[in-house]
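**Q** From just these sequences and the hints, can you work out the full model?
Chains as they are written, first to last, in our numbering: chain A, 1 to 418; chain B, 1 to 418.
You may find that some hints are simply not true.
Given that identical chains are not distinguished, each listed pair holds provided it fits within a single copy or across any two copies.
Claimed, not checked - Derived lysine-lysine pairs resembling BS3-like cross-links, with alpha carbons at most 27 Å apart: (1) 118 to 196; (2) 46 to 228; (3) 241 to 196; (4) 118 to 242; (5) 119 to 196; (6) 148 to 58; (7) 242 to 148.
For the record, the hints were derived by calculation from the structure and aren't laboratory data. Model, not experiment: these values are computed from the prediction.
Below are the chains, spelled out letter by letter.
Number of protein chains: 2
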Amino acid sequence: MKSAILCIGTEITTGLVKDLNAHFLAFNLTAVGLFPKLVLFVPDHKETITKTLQFLFKDEEIQSIFITGGLGPTQDDLTREILAEFIGKKLCFVPEQWDNIIRFYQKIRHTLPPDNNKKQAFIPEGSLLLENPLGTAPGFIISFQDKKIYVIPGVPKETQYFWPIIKTHLPSNDNQFYRSEMIKACGVGESLFETKLQPILMSLPDTLQSAYLPYFGEVWFYLYSYQKNPQVIQSAENILKKIKEAWKPYLFSRWGDTLEQACGNLLIEKHLTIATAESCSGGLLSHRLTNIPGSSAYFNRGYVVYSNQAKIDTIGVPSSLITQHGAVSEEVARALAEGVREKSHADIGIGITGIAGPSGGSEQKPVGLVYIGISYSQHNQVQKYLFSGDREVIKILSTQSALTQLFFQLQRGINDER
Amino acid sequence: MKSAILCIGTEITTGLVKDLNAHFLAFNLTAVGLFPKLVLFVPDHKETITKTLQFLFKDEEIQSIFITGGLGPTQDDLTREILAEFIGKKLCFVPEQWDNIIRFYQKIRHTLPPDNNKKQAFIPEGSLLLENPLGTAPGFIISFQDKKIYVIPGVPKETQYFWPIIKTHLPSNDNQFYRSEMIKACGVGESLFETKLQPILMSLPDTLQSAYLPYFGEVWFYLYSYQKNPQVIQSAENILKKIKEAWKPYLFSRWGDTLEQACGNLLIEKHLTIATAESCSGGLLSHRLTNIPGSSAYFNRGYVVYSNQAKIDTIGVPSSLITQHGAVSEEVARALAEGVREKSHADIGIGITGIAGPSGGSEQKPVGLVYIGISYSQHNQVQKYLFSGDREVIKILSTQSALTQLFFQLQRGINDER
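**A** Right under this line is the structure:
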């Protein structure tokens, strides 16, 4: 069963803000078998919105349309009006919704709503109103021709709030779209993954398609099909089994876990703790590690040692080491990893030092040069990298590489060596 | 002048990866006056891609179409074939492009390319080839009917690489779309901003539209118009001037600077340094502060003090304070801010302690409870927050609030009080 997602807002089509809603809805709609056939962003512009609705209504395969945005109280919020006109219904005032808005204002803002909020109490005739406890814009559901239209506010936390509610109103689903588990691997160049993949994919039946995505040093793979039946699923499982076998040493995730989640799982399994000392990555590694619920079980503490003095004071890196080799060096990465492990009484220490740019590079030590050390028990390992990209990309790649090193160390048995 | 962006890839329409390319292109196309009228994501599915191309070609306003993705060597990459068929051209083998692919493989992978890479040396007849030094998929430009089509690879760093090249091939531009500077404010509820905004917007001429975006405790505002002439620009500037006056105490950005950039600018201006001690935000604050190029001038160091022991060991929070008030308390936030400032010899210290969830909350101290302390000289200030949202949102809101407190302290004259 196919769906479409329509996000309305000039802030997205002009690139001012990054989309969150379409991504959230696409992921969740796919998970319930309502495969998004089209995802569209349009500006707050009547003619464009109307034309886009016409385009979507011409597509017979699309049965459900999810619209976010343009439901605010200001004059550039046009979704309600345009949709009502498009489906030939008038907008009706819903007194209970106006009461909701008044209550919301009184509770949150201790005042009465201004008059222009009144337009948020109007929905197209025949709609099902969905109350919004987080804001003044309600959601609503209405059917037109052969399609069901779900309209929800575009503030991301409100879009996310409405999802479980909308889920109870989805059409019963014959699951035409199938997606396999997604497997992820890391640690060697893409080409090795491809080389191992290609002979296996020779036996891919016509009903199945493969998706292969390089992602910041990881590769992701899954199979999908526009048919969903036991035969398709069986073929997919057979092929995936072969690929998992071929990628085995590098496989860190099934069902799409992140690298930090995979590391977290292993840390918990092995009862190990970790501490970090970051220079160029500026705290991104500890941020990623602590994004995992329950990470306090293994993440002990982190230091962001931006200045040389911070490296000396907090971790105890000998200042002579910095003078002799420079702050960005194999020696300092090792001292950071070792020092933070000892200082924190953690089982594992990670040290990152490098040049994120755009300035600070030299011929010998260019922007993108990063050393990553990992220390456990008597073992220290440092790897050197030369990344290309802007400051943000170099920070991301530094933490990706640190997590990759950590994953392999954990998988290959840090525990055994203690 | 209007454009459209078409991103091809099932990984986006199923929500597996977040889009980067459409956002990048939307921002840059708007900046050069090629306002994106439609932004579309479609799966690697022939019929859907073809229908979408038909829809775009029916729109007379759209003069330039930017297509990314689906140019890889694997069987699910269909962009080349579908586009060639759509415009009625055959695919031609370009020997120089095959040489490029061979050279790329030899340089990066020290081997010859597999046969399936050969399809990447085919482009539609009459296209202008754009070489790709970062990968094996070339870009190309071709005209069809009244529109120019720009096709570039979907790997984000390659999309970004091609932008300056494509820019030299854009149509000369009569700049029909106008967007004003974007102003941002923070620090009080949205309602105050709205209240001050509404009387000013009463005088908005029909030619101008306003965009008002709440964003994690910030509000963003700009004006735009589908006409661009001196009169429109003058009106916009007059109205913006009034809004800036009305929002003055809360205004932190013109032209769209982030809150961390605004704080960084003030820290540099006032020759102040800063250090952070983060518990529930897990390093996100130091990550955001160090995202700003040149932040090493003011960001001294950061501590991620996840465990109680870390708070005691590294910052010197008295353990009695934690026993008496709990780790998530006004007292501990103050001790973190004060302690990190002293420990780091920084001018300003920020301490964050809270419960990011999903577990760890209680009736007295629920998930989302966060205390943020800021310390400078003899002055300490702690604010209490109760955020709602998931773990990631609570981390983001914690750092937003910390930066907001910092911004106001900096603006209201930390310097004077020293």
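**Q** Next step is simple, just say for each hint if it's right about the structure.
**A** A quick look at each hint next to the structure:
no.	hint	verdict
1	118 to 196	between (61 Å within a copy, 18 Å between copies)
2	46 to 228	between (38 Å within a copy, 19 Å between copies)
3	241 to 196	within (13 Å within a copy, 61 Å between copies)
4	118 to 242	between (60 Å within a copy, 26 Å between copies)
5	119 to 196	between (59 Å within a copy, 19 Å between copies)
6	148 to 58	both (14 Å within a copy, 26 Å between copies)
7	242 to 148	neither (41 Å within a copy, 44 Å between copies)
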